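J.: Protein sequences, first through last, are from chains D, B, E and S.
The first sequence maps to residues 1 to 524 in the working numbering.
The second sequence maps to residues 525 to 815 in the working numbering.
The third sequence maps to residues 816 to 1153 in the working numbering.
The fourth sequence maps to residues 1154 to 1491 in the working numbering.
FYI, nobody ran anything at the bench for these hints, they're computed from the structure.
Just so you know, these numbers come straight off a predicted model, no measurement behind them.
Treat the hints with caution; some may be incorrect.
[What the hints assert, rightly or not] Quick list of the computed label-pair ranges, beta carbon to beta carbon:
no., chain 1, residue 1, chain 2, residue 2, range
1, E, 856, S, 1315, 26 to 32 Å
2, B, 769, S, 1315, 36 to 42 Å
3, B, 642, S, 1265, 41 to 47 Å
4, S, 1271, D, 146, 54 to 60 Å
The C-beta atom is built at its ideal place from N, Cα and C for all residues, glycine as well.
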Amino acid sequence: MPAEALEPSPSPALLAVEGVTKHFAGVTALSDVSLEVRPGEILGLLGENGAGKSTLLNILSGVMPPSSGRIVFDGVEFNPHNPQDAKRLGIVTIYQELSLIPTLTVAENIFIGRAPLGPLGLVSWRKMEEDSRGIIARVGLDLYPATPVSALSVAEQQLVEIARALSLKSRLIIMDEPTSALTETEVQRLMSIMDRLRRDGVAIMFVTHRLEEASAICDRMTVLRDGRLAGHLDREGGPIKLPKIIEKMVGRAASELYARPTQRDVAGDVRLSVRGLRTMRDPQAPHAIVLEGVNLDLKAGEILGVAGLVGSGRTELARAIFGADRIAAGTIMLDGKPIAPASPADAIALGIGLVPEDRKHQAIFAALGILTNFSIASLGRYSNAAGFMAERREREALASYRKTLSIRMASPEQAIEGLSGGNQQKVILARWLARDPKVLIVDEPTRGVDVGAKAEVHQILVHLAARGIAIMMISSELPEVLAVSDRIVTMRRGRITGEMPGIEATEEKLMELMALDQKQEATQ
Amino acid sequence: AQDKLTILGSVPSLGFPFFVHMLNQIKAEAAAQGVNLIESDGQNSAPKQTADIEAALVQKVNAIVISPLDVNALAPAIEEAVKAGVPVVTIDRRVDGVEGILAHVGADNVKGGEAEAQAMVAAFPNGAKLFHLQGQPGAGPAIDRNKGVHNVLDPLKDKYQIVFEQTANFARAEALSVTEAGLAANGKPDAIICANDDMALGAVEACAARNFTDVKIYGFDALPEALVAVRDGKLAGTVEQFPGEQSRTAVQIAVAYARDKTEPKEKLVLLTPIVIGKDNLDKAERLGETK
Amino acid sequence: MTSTTEQAQRGGINVARLLMSFGPLMFLAVLIVVFTVLKPSFIDPINLFNILRQISITGLIALGMTFVILTAGIDLSVGSLLAFCGMVAAVVAKGGTANTLSLSTTGTQGYGWFAALLAAVVVGAVAGGVQGFAITRLKVPPFVVTLGGLTVFRGLTLTISNGGPISGFDASMRWFGTGLIGPVPVPAIIFAIAAILCHIVLRYTRYGRVVYAVGGNAEAARLSGLRVDRILISVYVIVGFFAGLAAFVLSARLNSSEAVAGIGYELTVISAVVIGGTSLFGGIGSVGGTVVGAALIGVLQNGLQFNNVSSYTQSIVIGLILILAVAFDRWLKSRVRR
Amino acid sequence: MTSTTEQAQRGGINVARLLMSFGPLMFLAVLIVVFTVLKPSFIDPINLFNILRQISITGLIALGMTFVILTAGIDLSVGSLLAFCGMVAAVVAKGGTANTLSLSTTGTQGYGWFAALLAAVVVGAVAGGVQGFAITRLKVPPFVVTLGGLTVFRGLTLTISNGGPISGFDASMRWFGTGLIGPVPVPAIIFAIAAILCHIVLRYTRYGRVVYAVGGNAEAARLSGLRVDRILISVYVIVGFFAGLAAFVLSARLNSSEAVAGIGYELTVISAVVIGGTSLFGGIGSVGGTVVGAALIGVLQNGLQFNNVSSYTQSIVIGLILILAVAFDRWLKSRVRR
Ligand SMILES: Nc1ncnc2c1ncn2[C@@H]1O[C@H](COP(=O)(O)OP(=O)(O)OP(=O)(O)O)[C@@H](O)[C@H]1O
Ligand SMILES: Nc1ncnc2c1ncn2[C@@H]1O[C@H](COP(=O)(O)OP(=O)(O)OP(=O)(O)O)[C@@H](O)[C@H]1O
Ligand SMILES: [Mg+2]
Ligand SMILES: [Mg+2]
């Protein structure tokens, strides 16, 4: 049975893109791209950051019109003027940048514009909340449906968005990096849902930078490079091999990914030491995870990986150390001296840096230029004593990071919102690299970053560590954690549940540690 | 005394010195008569002044002395007061069509406007080139004063040309800008007629800046500052409506009636507005305040 | 914010908790107590009904403004639009030209109160719609469009009225401003009904929820397939409608439509909405809050006047108390634990 | 938006391109041409300098307001604060009590212009700082705080002046309002210098960057180590300072400080800023835009008065042109993008 579904069926294409081109001011994002999607198949859309994937998907979902080219959906020419046009035809989109409404509750977001009505034709809140429980349970979420979305972690928001999309009647589902903030468990669950949808005849377009995922689930792949079609790949018997994909993406043979670190000698002193750390319960968010007495040591020159499931409190830990959230109890020592950062400004002054996980809300200044986005945390370095900016130095610094991180941008003045997601992430990384901190905390540092650049980021982290910087890396992508960490801790429910040297760790062992606590709790 | 009488004294807006003076006079007379006074500032809003009257009625005031912001819009509130048996004396602006108002003490703004224009005509018997600065569009005194000026000047159109007629919203800063524009566009006029003293003083500044010191500028309200300007020859004249006398008379009438139902000798006390010039400065009510 | 919103959204009403969690309401209660202690006649039904009548005009507009601000918009034109609609209503009621200054109510060449009301609300709604159109199609920010509207409508009003008021309506029309049903003033009843309807619409209809969504994040709303432009236009139609309704009631109450009516109302109205907890950045707020905000302002003004506080001091006290009421609300929100 | 900002940020000036890409500027140019054709004396230096002098008061405040709006804040209190600072300046200049109504400038018991200027700007800055403090520490939205400020400062002004003006300053003080340097009015020079300084601060200093960043995304700014609260307070200090400076110049120009000065200025000032392309949601805008916005309003008013257009029609025309100028700008921007 499944074999049948997997065969490239002779069924006509549900969606055909013919010679689509898209220009932005000064940039050609897509140039003469053609592809097809058939019912009941999952088409992977792959390419480096800025290759034009999101642009294509946005055109298909009616967010923006193409500059030229033709789209045929279900045999009829399709010119969507707005997302509503696409939705009406059964094209449902999960966007790369989260598009939930933060002020509304989870339930309302799921039922946006289609709230269930009770008697008298009035909205039935009870039914809405009940129904939404079921919908989010499908993706493995267990949230109080009346929680405002603004209180959710990025991963949870992503899951809510997926859940909403899945609850709509659809013929084509467009998924732009739905898994970028998810951990293995959620990804597995999503994959099985996608598989079920495929069997129901729904077509799916799937974008991801986690190539293993793509290889595991996609029937076919279309690869973009610099806005052009680089080629199509077919599943021939087995999954499409990673090196083949990478070669198509970057145009040369793939170097090895995720090189395991050679055991480095981390002989540094303890730089950061956390004891008995507890955070305040936010009265506005009583269900939020709080830290329950975290102990942690971070040595100079070490990369400490932090693994955990969604909602395990990793982000809370990072924010607490960084002075972004209030601490209820516990001590933090930096180089043996107790510190009590009351604000990020204090923490930064002490030499701590944080790359936050929520790029859109916590990191980028969307309308401002790349230059400002880059230098904002180190203005002192790029200005003189009188307070005037030393723009030449600033530009030179950005130019050098642009090269090392291969940031694709038109000019330093370009508003950062015009960059692809991955390139935005690189600018934010550059922001903190430029500060040269003693302790650098990176929360999902490669979220949305493409394979090549991901390897670069990993290398940079290793270099930084080699220079004596203490690095704490939170990542939901276990291969990444395994690739760069000297030591790994696992968290669950605001507690540290395990620890092991990076060299000894395997995915299985980590998963076990992350779940270990679960077992214990079950017996309590 | 046993129970002291309480009266409401309400003026259109304490943002204008004219009404500040009026309320001060009401206050002084109330003190002299030994009655309590509830003060009310209409804040340039008919609903606000109405609300103040309503609040006073709840407090069972014995009489109301009011200079209504708008003679039409305040009519219902005054009617309500009359219905509640509270004697009402209006000052300055007369409310038509409401039966049972105890008395009106006032100097008509239309008459004032006429007097102002006539003073100008007298100064320029052979005709003149004029600017006219009007008050806030739609506001009662602005309408009336404008009407008065035009009553006089419209029949004399050939001799007295208004080459520039703009509102400056009763404000000095606006009058200055508007006059500057007028001077630049039309050159020097012979006279500028203004709907209040503030605007006249703004026009004075504009003319002084261009060294047009012989332009005859007329104001309205006879504020102390304007009287000084008249004395110093900067203003040609300003219209005196005797707000202090109006106010005191009104309070006297109201209190007398509230005390022992003494009917006023006249239901309508009209003071004739006059134009104060250099020669009759002593007629000005507030000359004493100019140091 | 969140906690009240949630609470409001769940629709449960628990007086003590409401008081405790919503600063302005608590402030309102305290003010009423203080004013009553200072002068017991403050609590007279007559005075309370006076207050209700007084807040009903700006209150009605504030209801419409709540919709607008929920979408992160703003309408500065409401004061001028009120004057304009009032003048239109007067022209219709009097059956013609301006300068019909006679106070006589008998010479009815006019078209009666119903036509006047209809004219006022239709003109208001259309004017709002035109502004909404400029906002969505010409992509001019609401602040600019409605600031333009503020001066345009005032100019139009002065033009049709030639600067003067139009006065003297017949008794059937005046009833809407001065009448009583039982002891309750008609304007207060109109306000109450309108408030309840608006509450139901915002809270229990799809349309209402969509208004919140657009204000929460217009781009996300668009991506979710909502017709954002139409919704935006609709809220300006609504506020225009309410400006028209308020104009009718005000004209009926004053027995006169004035060219200078409503000057500065935009700030009073927006204050009522914002003090009531609606965020100027959209997506958060409620009709209940707006009613409380309007009442707070009304009670303050009336209470201070009642105690014969000098008008200058009134300004100072009102300004400070408004700030304190909101500050207190923020403080409560940061403390309340659930 | 983006394109002008960028351009401004690169600091390059190319007149043709600027004109083409910034709608309000083009509109300004067109208006000047039209008014000159209608009445050639419009372009007389005297008149142009008049316009400059006229816009300098609101223009100065608009400079400060640009900082505030760039942080996504707003200040509604500027008109009242202007009156308050002006009254303080007058009290200091005249050396005492209000009601010193003599126009004599010789009886100088006063403290001279410098003390008056200092008093005005210090009082303005402190008042701004207090409001900034309420905004950041009490967490009351800027709209509410400064609306409170609007009524509080007006009340204070009326209280210290007892409703009347304080008039008659000595020549040295009056020079700041009425003097000329060569043919150029002093207020215009003050405005020009202030505008250039503000431009430099916003464009070339660390502080300027930080203001944009806080307005662009306050949370990201905080997580980037900026002291957001201090920066927010600082912009209210700046706008207060400018309100004080404007008050001093206005008093000097009118030879009088009035209790009713500045009523409604908040809207004029905010319009200038917004028409100049600064976003009310923060992070986007420039001083150049604000200057153009202020000039557009000034030229329109002066030009219409110059042609003796009736004030009713003026309102209508000004409102429509403001909307059109911004609409045109949006249209230009949307074309450049493609
Ligand atoms: N609104 C915009 N304005 C200007 N340029 C844009 C805009 N949106 C995208 N681009 C440009 O178009 C190109 C393609 O971007 P796109 O977002 O489609 O990349 P992507 O393949 O989705 O990358 P990523 O994997 O990083 O998400 C990039 O060079 C980007 O800078
Ligand atoms: N107002 C709220 N109501 C309910 N839950 C909340 C609220 N605010 C926060 N939470 C929960 O608190 C947790 C925050 O955890 P945090 O973001 O630190 O976890 P994490 O391990 O970093 O997770 P992730 O992998 O998703 O980033 C999430 O589970 C979030 O849903
Ligand atoms: Mg993308
Ligand atoms: Mg996290």
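J.: Now look at each hint and say whether the structure bears it out.
T.: So, going through the hints one by one against the coordinates:
no.: 1; hint: 856/E / 1315/S: 26 to 32 Å; result: holds (30 Å)
no.: 2; hint: 769/B / 1315/S: 36 to 42 Å; result: violated (21 Å)
no.: 3; hint: 642/B / 1265/S: 41 to 47 Å; result: holds (44 Å)
no.: 4; hint: 1271/S / 146/D: 54 to 60 Å; result: holds (56 Å)
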